[in-house]
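Undergrad: Chain by chain, the residues run as shown.
Number of protein chains: 2
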Amino acid sequence: MNRLILETSDFISPDVCRITGRRFRQLVDVIKTPVGKVCKVGLLGALRGTGEVIEVTSEDITLRVTFDEKSPEAIPVRLAIALQRPQTFSKVLHIATTMGVKEILFFHSFKVEKSYWQSPRILPENFRSELIEALEQCGDTILPEIKFCNRFKDFSEGVLQDFSSGSTMIFGDPPATRNAAEFNNTPVTLIVGPEGGLTEYETTKLRELGAIGVTLGARILRTEYALAALLGKLS
Amino acid sequence: MNRLILETSDFISPDVCRITGRRFRQLVDVIKTPVGKVCKVGLLGALRGTGEVIEVTSEDITLRVTFDEKSPEAIPVRLAIALQRPQTFSKVLHIATTMGVKEILFFHSFKVEKSYWQSPRILPENFRSELIEALEQCGDTILPEIKFCNRFKDFSEGVLQDFSSGSTMIFGDPPATRNAAEFNNTPVTLIVGPEGGLTEYETTKLRELGAIGVTLGARILRTEYALAALLGKLS
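Residue numbers (my numbering), protein chains in the order written: chain A, 29 to 263; chain B, 29 to 263.
Some hints could be false.
[Unchecked claim] Quick look at which bits of chain A chain B covers, simulated, 3 or more residues with Cβ under 8 angstroms:
#1 106-113
#2 164-177
#3 182-190
#4 243-251
Rather than coming from a laboratory, the hints here were simulated on the basis of the structure.
A virtual CB, placed ideally from N, CA and C, is assigned to each residue, including glycine.
Work the whole structure out from these sequences, hints included.
TA: Next comes the structure, spelled out in structure tokens:
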């Protein structure tokens with residue numbers, strides 16, 4: 029935890045927060061934050077600032093907080109990514125959130141196992157805490173919007189057009205020769221396929237919609253590291 | 029496993045290999061490779077090619093192999109990285125190897141816990157299999173060279189100069205303004221600090237040696253994703 033993320037429900041007066049549960053244990057047991065210590069905080073959806081620890085009990089920690097600083101800028105990248113196996117889904121959320129992506133759309137594709145759509149991990153009430161922990165890691169306060177589209181037909185016939193509106197669409201395509209770095213700092217919708225890759229039908233559909241294939245070279249990377257490398261090129 | 033990596037000890041005749049153990053189980057139980065199937069292979073330290081399955085028993089799989097293709101090109105990046113906690117150490121090996129780094133030097137730095145140097149994970153006989161699995165992932169056949177330097181004084185007074193000879197040294201430095209992408213496709217030694225960052229003494233030493241600070245922006249990323257993003261920018 030590099031920055032404590034506060035929610036309005038943490039406030040017991042206009043500038044005092046009381047923290048219990050996971051965040052309490054992490055501050056007190058792991059980071060060992062004593063009374064008097066000033067730590068970095070952020071108000072979810074709002075400004076960043078600092079909090080001075082004013083009381084620690086066996087169950088909670090109380091901080092006086094002030095807010096004076098904006099969140100780091102988002103990157104101009106929207107991410108449309110095939111639904112991944114549950115563990116990789118969580119890594120994708122973490123990487124995209126910490127690297128500043130604010131809109132993520134998970135879509136179905138031929139090589140996505142149907143069972144992934146049944147995973148409890150993809151329910152908002154289950155992954156929200158993972159997003160908060162990603163904000164704590166990177167020091168941001170703004171949650172990304174997460175959307176799902178469980179039919180490729182819907183994705184390719186409307187959903188992707190709406191999602192990518194006003195941006196250049198690029199997609200990971202091993203045989204392509206263009207480098208994602210060409211699209212650095214321009215509004216981009218980055219489309220990433222499933223572990224087994226997109227089918228030829230799917231890449232044809234994407235090309236028809238105007239998406240441009242980009243390559244990471246001849247090496248096959250795990251989805252999470254390919255994503256971090258691509259976002260690195262784009263930021 | 030995207031490509032089966034063969035070693036000379038696997039050969040039972042000049043063009044026939046017999047595979048047992050982990051690789052056998054992965055080919056037969058996980059990937060389900062039947063007789064007649066042709067799969068991608070690579071000879072460790074040499075060429076890539078294909079192997080046709082000619083026999084499968086309950087304990088081994090036999091392939092007839094031919095080699096006709098070079099390994100993918102390395103990237104012109106040497107990596108000098110502070111020793112990380114054991115789990116992250118393995119991720120660093122995986123990322124650097126799959127992304128084509130051929131020389132990796134782990135060094136000591138003030139914020140590296142001394143216990144990390146006692147971890148059995150950093151013994152070559154223990155991490156060699158992780159490197160092989162990384163080659164299997166990315167389709168390369170050439171192992172990176174892994175070196176260690178357990179004193180920062182030695183690192184900054186000779187070891188780094190030798191290691192980086194002929195390349196531009198850059199290091200991750202959050203307040204810097206230069207972008208690693210500037211050094212794309214030129215010979216670079218990328219220096220990455222420990223989880224808690226380099227000390228001011230250490231960054232001063234690196235600057236004296238001519239290293240240039242580069243930033244990944246205002247966001248704090250986990251070491252493994254920062255590394256993937258930096259290598260993405262450099263490749």
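Undergrad: Does each hint hold? Answer for all of them.
TA: Okay, the hints, checked on the actual structure:
1. 106-113: violated (count 0)
2. 164-177: Satisfied; 4 residues make the cut.
3. 182-190: violated (count 0)
4. 243-251: Our answer is that it holds, as 7 residues pass the Cβ test (under 8 angstroms) against chain B, meeting three.
Of the numbered hints stated above, those contradicted by the structure are hints 1, 3, listed in ascending order.
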